[in-house]
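In order, the protein sequence lines correspond to chains A and B. Each residue of the first sequence is one higher than the one before, counting from 1 in UniProt numbering. Each residue of the second sequence is one higher than the one before, counting from 1 in UniProt numbering.
Keep in mind that a hint or two might mislead.
Simulated crosslink set (DSSO-like; lysine-lysine; CA at most 30 Å straight-line) [stated by the list, open to error]: (1) B/K191 x B/K103; (2) A/K9 x B/K129; (3) A/K65 x B/K129; (4) A/K9 x B/K96; (5) A/K267 x B/K129; (6) B/K41 x A/K139.
Hints listed in this document are in silico derivations from the structure and should not be mistaken for laboratory results.
Read off the chains here:
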Amino acid sequence: MNKKKKFSKLAFSEAVRGYLFILPAIVLLAGLLFIPMINGFWYSFTDFNILKSWDKNFIALDNFKKVFSSANFGEILGNEAQFAISVTVITVVISMLIALLLNGVKHCKNLTRALVFMPWVLPEVVVGAIWRWLLNGEKGLINGVLVDYLHLLPEHIQFFSEALSLVSVSLVYIWRTYPYVTIMLSAGLQGIDKEQYEAASIDGCNGIKKFWYITLPNLKYVLSICSLMAMIWTMNGFGILNILTAGGPGVSSTTLPVIIYKTAFQKFRFGLASSYSVIQFIIIMIFAVVYLKLTKATDEEGA
Amino acid sequence: MKSKLLSVLRVLGIIVVLFVALFPLAWMVITSCKSMTELLKIPVTILPENFTLNSYYEVWVQKPFPRYIWNSLKISVVATLLGMIVSSLAAYGFAKFRFPFKKGLLMFVLVAQMFPGTSVIIPLFSTYKSYGLYDSHFGLMLLYATISLAFSIWMMYGYFRSVPSELEEAARIDGCSALKTFVNVILPISKPGIAAVGVYAFMCSWNEYLYSLILLTTESKYTISLGLSSFITEFGTYWNQMGAASIIVTIPTLLIFILLGKNLIAGLTAGAVKG
Numbered sequence: 001m002n003k004k005k006k007f008s009k010l011a012f013s014e015a016v017r018g019y020l021f022i023l024p025a026i027v028l029l030a031g032l033l034f035i036p037m038i039n040g041f042w043y044s045f046t047d048f049n050i051l052k053s054w055d056k057n058f059i060a061l062d063n064f065k066k067v068f069s070s071a072n073f074g075e076i077l078g079n080e081a082q083f084a085i086s087v088t089v090i091t092v093v094i095s096m097l098i099a100l101l102l103n104g105v106k107h108c109k110n111l112t113r114a115l116v117f118m119p120w121v122l123p124e125v126v127v128g129a130i131w132r133w134l135l136n137g138e139k140g141l142i143n144g145v146l147v148d149y150l151h152l153l154p155e156h157i158q159f160f161s162e163a164l165s166l167v168s169v170s171l172v173y174i175w176r177t178y179p180y181v182t183i184m185l186s187a188g189l190q191g192i193d194k195e196q197y198e199a200a201s202i203d204g205c206n207g208i209k210k211f212w213y214i215t216l217p218n219l220k221y222v223l224s225i226c227s228l229m230a231m232i233w234t235m236n237g238f239g240i241l242n243i244l245t246a247g248g249p250g251v252s253s254t255t256l257p258v259i260i261y262k263t264a265f266q267k268f269r270f271g272l273a274s275s276y277s278v279i280q281f282i283i284i285m286i287f288a289v290v291y292l293k294l295t296k297a298t299d300e301e302g303a
Numbered sequence: 001m002k003s004k005l006l007s008v009l010r011v012l013g014i015i016v017v018l019f020v021a022l023f024p025l026a027w028m029v030i031t032s033c034k035s036m037t038e039l040l041k042i043p044v045t046i047l048p049e050n051f052t053l054n055s056y057y058e059v060w061v062q063k064p065f066p067r068y069i070w071n072s073l074k075i076s077v078v079a080t081l082l083g084m085i086v087s088s089l090a091a092y093g094f095a096k097f098r099f100p101f102k103k104g105l106l107m108f109v110l111v112a113q114m115f116p117g118t119s120v121i122i123p124l125f126s127t128y129k130s131y132g133l134y135d136s137h138f139g140l141m142l143l144y145a146t147i148s149l150a151f152s153i154w155m156m157y158g159y160f161r162s163v164p165s166e167l168e169e170a171a172r173i174d175g176c177s178a179l180k181t182f183v184n185v186i187l188p189i190s191k192p193g194i195a196a197v198g199v200y201a202f203m204c205s206w207n208e209y210l211y212s213l214i215l216l217t218t219e220s221k222y223t224i225s226l227g228l229s230s231f232i233t234e235f236g237t238y239w240n241q242m243g244a245a246s247i248i249v250t251i252p253t254l255l256i257f258i259l260l261g262k263n264l265i266a267g268l269t270a271g272a273v274k275g
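Go ahead and model the full structure; you've got the sequences and the hints to work with.
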């Protein structure tokens with residue numbers, strides 16, 4: 001009895017010390033991310049509009065009714081889906097190819113990896129500015145080379161027109177995201193046991209078969225984690241998008257983050273913007289739960 | 001013969017990959033060395049006809065860019081240091097102590113990095129207004145320290161878990177407190193991990209755009225991201241100045257990445273091989 005009490009006292013003091021170590025982080029995360037998030041939920045049920053007053057009157061589901069009956073909401077959701085899915089799928093495919101290429105590099109391995117990684121470390125505003133200039137309708141390099149110098153196309157492509165803006169934005173986000181996925185996949189490739197390939201060679205497997213039956217199954221975990229991260233980043237993407245098109249022309253490249261930003265900080269309708277936020281949050285959390293399930297499962301295996 | 005062809009193809013492939021990764025930045029360098037009249041020409045000139053570094057002068061002397069850089073540097077350094085301290089403490093707590101709700105709290109940390117910035121910023125804006133943190137660098141420092149926190153904690157958590165417990169036990173027997181053990185024994189052997197966290201936190205702060213866009217209004221307090229975006233106006237953009245400014249703000253990121261990028265890549269990919 002006495003011994004048990006002493007033990008629990010020890011466990012108690014260990015727990016206290018543990019809590020003290022994590023306390024500053026929890027305070028910051030709760031204060032600047034979680035509590036604001038909960039406040040946002042509350043705002044979404046109010047008529048909060050800072051142009052009128054700082055009072056928040058409860059108006060039940062009026063904001064959500066407004067959102068779902070708004071003419072553009074369907075198009076915005078469609079944009080978000082198209083944007084997130086196309087960026088994620090294309091990024092993962094391209095990154096897989098590049099990772100396979102990089103894996104065979106023998107000279108200057110670290111330098112090559114670092115250079116490939118470059119687009120990921122640039123400031124968002126710089127990425128947006130660079131591509132806005134490269135894709136400029138008349139004076140951009142891409143149009144200049146394709147149309148004026150190589151005469152491959154009859155006329156300049158309007159990358160930021162209503163028809164193409166979402167595609168152009170997606171291209172830039174792919175350029176931004178692929179380095180991260182490439183680096184992760186190439187690390188994953190290096191972790192695969194070489195003996196598996198040797199055994200397959202003896203059995204007479206060709207390269208494609210080896211990729212399908214050895215490489216892909218081994219990369220399952222990294223691939224799914226990377227795809228989810230890329231998906232969540234893209235869905236939350238705002239900076240580059242805002243610099244490139246600001247969601248326009250019209251709503252042709254508007255996604256949820258853009259409409260949240262515009263409703264909140266151009267029209268100052270905080271309540272309405274928050275209801276868009278809640279919808280965005282719910283979508284993200286679906287993916288977050290999948291992510292947690294994945295990491296949790298492997299964590300228990302690994303530990 | 002076939003393998004030779006394959007290796008040639010491989011080299012070509014890598015050249016294409018590197019070209020796609022690097023030419024946009026190179027184009028910004030070229031653009032920054034042109035005059036504005038040359039930039040209005042159609043078709044676009046590939047190399048500058050009249051090489052000039054005038055745009056660097058304009059950005060550095062006529063525009064308050066040194067001011068923006070100083071602001072960003074100040075905010076980023078403080079946020080990085082704060083983030084490194086808070087995240088390594090928390091990661092150590094998670095890695096080495098047993099306490100109730102640990103799993104739940106770790107999940108809480110992981111989920112935090114997925115929150116959409118545009119959702120958090122609305123309530124944060126009104127909180128910052130009421131606590132006097134709006135339009136202040138201090139408010140941004142706190143926020144920037146927080147945004148990289150989740151990622152840093154997870155990176156360090158993996159790192160600390162691989163540190164053998166015997167080291168700490170030896171220190172404890174010598175009479176060191178938990179904090180002392182952490183500072184004197186664990187931190188010195190965790191330098192590569194800490195460097196990775198530092199690089200990541202610095203880049204997050206230095207590159208951040210959305211929060212500074214909303215939480216700063218006084219021009220003299222602008223960060224580099226805001227300074228840069230102010231070049232894009234509805235009346236047209238001085239692309240040569242934009243280019244020069246982009247190059248200038250990219251240099252610190254690049255320097256840090258060249259010096260410590262290896263650590264960052266190692267830290268990022270540490271979790272990639274399990275599973």
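Here's how the hints hold up against the structure:
1. At most 30 Å may separate the alpha-carbon atoms for a hinted pair to count; B/K191 and B/K103 meet this at roughly 26 Å.
2. Annotation: proposed proximity of A/K9 to B/K129 is violated, straight-line Cα distance about 44 Å (limit 30 Å).
3. Only pairs whose Cα atoms come within 30 Å are accepted, and A/K65 paired with B/K129 is accepted, the gap being roughly 29 Å.
4. At roughly 18 Å between alpha-carbon atoms, A/K9 and B/K96 fall within 30 Å of each other, so this suggested pair holds.
5. Note on A/K267 and B/K129: the hinted pairing holds, with a Cα-Cα distance of about 18 Å set against a maximum of 30 Å.
6. Using a Cα cut-off of 30 Å, the hinted pair B/K41 and A/K139 holds, with the two alpha carbons roughly 7 Å apart.
The structure fails to meet hint 2 from the earlier list, while all remaining hints are met.
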